[in-house]
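Here is what each chain is made of, one letter per residue.
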Amino acid sequence: MSQDTTVLASLNAGLRAALAADERVIILGEDVLDPYGGAFKVTHGLSAQFSDRVLTTPISEAGIVAVATGLALRGFRPVVEIMFGDFLFLAGDQIVNHAAKYRAMFNDQVRVPLVIRTPSGGRRGYGPTHSQSLEKHFLGVPGLWVVAPNSLGDPGELLRQAIFAVEDPVLFVENKIGYGEPLRAAIPGYDIVRLADGSAPFPTLWLQPQAPADGLLVCYGGMTSFALEAVMRLREREQLHVGLVVVSQLAPTPGSHFEAVLRDNVPAAVVTVEEAPAEGGWGAEIIATIEQIRDSRDLVPIRYRRVGANRTAIPSARSLEDGVLPQVDDILAAVLDCF
Amino acid sequence: MLAANSGIRLAVTDRGSSLADHYRLAAGIRAFEGMLLDQFALGRIGGTTHTCIGQEITAVAVTAALDRERDCVFSNHRGHGHFLAYCGEVFPLLAEIFGRPDGVCGGRGGSQHLHWRNFYSNGVQGGSVGNAVGVALAEKTKCSGAVTCAWLGDGTFGEGLVYEAMNIASLWRLPIVFTIEANGIAQTTPTEMQLAGSLAARCRAFDIPVEEVSGTDLAQTLAAATRAIDAARAELRPRALISHAIRLGPHSKGDDTRDPAFLQAAWSHDPLAALRREVGAAADAIDREITALMHDALARADGAVP
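Quick mapping for you: the protein sequence lines, in order, are chains A and B. For the record, in the first sequence the residue sitting at position 186 is 186 according to this note's numbering, with numbers rising by one throughout. For the record, in the second sequence the residue sitting at position 259 is 259 according to this note's numbering, with numbers rising by one throughout.
Worth flagging that the hints you see were computed from the coordinates, not collected in a lab. Do not take every clue at face value.
With the Cβ distance kept under 10 Å, some of the chain B side facing chain A (calculated, not the full set) [unchecked claim]: (1) Gly-110; (2) Leu-114; (3) Gly-123; (4) Gly-134.
Covered by chain A, per the in silico footprint, the following chain B stretches (three or more residues, Cβ under 8 Å) [unchecked claim]: (5) 39-45; (6) 137-147; (7) 156-166.
Cβ coordinates follow ideal geometry from the N, Cα and C atoms, glycine included.
Isolated chain A, as found in the complex:
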């Protein structure tokens, strides 16, 4: 665990360490230079120290990812910042039809070690086009990793892993309000099991209650603190012992991690929690994965629920936004609906 106090500080330190460790690392993005240091300050202080490898760019999301893909093809390890996750589709063709495809379509003769970082999510009143969590649309793209840090893990180390430990493009989804969260190394009353292996190298953190779990919450990224709060309230108010699985590898789905989670204890209920609308989303893929394991091993039935945003554009007014995005109460209601 890094010594940094917040997710933001950890990510910033991770980038700094990557730049210092390897001259092939180049950061590109809009407004990433000091003194501004990026719209959410993740690159703050980096251009002052590494002026020739932190490049501010025109407002050209497709162009930036295209250039970074070319850099990666020729031996560099570029890290692109897309200022808001909402703008990912501007670079969508580059991500899907170029960066993620070159290795396979050139018959494994090239590598594209490219990281695309982007702040996503709402709860800041930024409105319909600056608040979304669009990463579900990039799940299941062959050749593309989708990874999200959280405050229970080590965000800077996860970013280092995305830059150096894999040879294919990584969409690295950060959460805007998650930036300010303090890192939590331990949760009293819970054991934290870290799951990672060759097929799913980005770690899943599994919070196990110190009593047999009645149910399981599964979440990632910015919903982690909400899910954690729900776990606490369920224990205190309902005497329900609920485990929490915090995934960082959104795609490919870390099936082996769920094999491990189901090995000794089958929860009566599984509730997935994501900030985007759940329809066609990440939680559905997690539930399908768990159900396939359960069915193939002939385990007892599990009840499933999905928690996500309402299926509408995210309103600008904070009061309206709160009504659209998933809250702790929505998680509690979904869990209690299973019992």
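Here the structure of chain A is known, so what remains is to put chain B in place on it, guided by the hints.
Same frame as chain A, but now just chain B:
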């Protein structure tokens, strides 16, 4: 697995090559494309292909001006001519299009997605132009002295990424030559129905010096390509070269909707036929050589996978 030493290849040319050698390569590209269309017509190749019949001279002349040891090429959907001009590897390309494991990309890329040493291609309009700018940035950062050649067509200018790429290339002073094949048509849509203003003006708007040539004239195109590539290398800034040459063949296969009278007139000015006349008596032997080479390539592609 890769048939790098198939021996079934065209000799590539450079700045000092003879007219006969340039003709051999251009005629080889023409013969290759004709062979492909025949094989498609016979139903022996699946999928799709885009041939460059009529535009061979541009591919040969521009590539001859490159330094193959270090320069990089990013081609597009209509890339067989660019590929053969770069490396001459007839059999690995044919095998790729036949979907064989000894193809240049093991059959996974096919006609539009090729990679060989410093040559790359992608079939999405405009996308690879941005990748080429990234390659140019990589090579500049490495101080390799390499120039990147990005192939695009007049139809590609409908894609926004072209302008993002040109802006970044000029802003960051990258050694790249935007090589624009103006063949007058985007699939079935004439250029005058899809392009406002001029190609050259669009390049100049980004402070990219541009030269226009007739892609039917080998000497003129080679001279202009040499100037553009040398300048990009020496001055570390982009250049653009616009080569005008009518696409004489279909966009893909049998999908040419142009007026037959227009095509007949265009074929009567076939630039390859003109180059052949310049070569003179030696052309007969070269043509026989190419016929035999294509025959060998096809026989081998028909044969068992090693």
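Going down the list of hints, with the structure as the test:
no.	hint	in the structure
1	Gly-110	holds, 8 Å
2	Leu-114	holds, 8 Å
3	Gly-123	holds, 9 Å
4	Gly-134	holds, 2 Å
5	39-45	violated (count 0)
6	137-147	holds (count 5)
7	156-166	holds (count 4)
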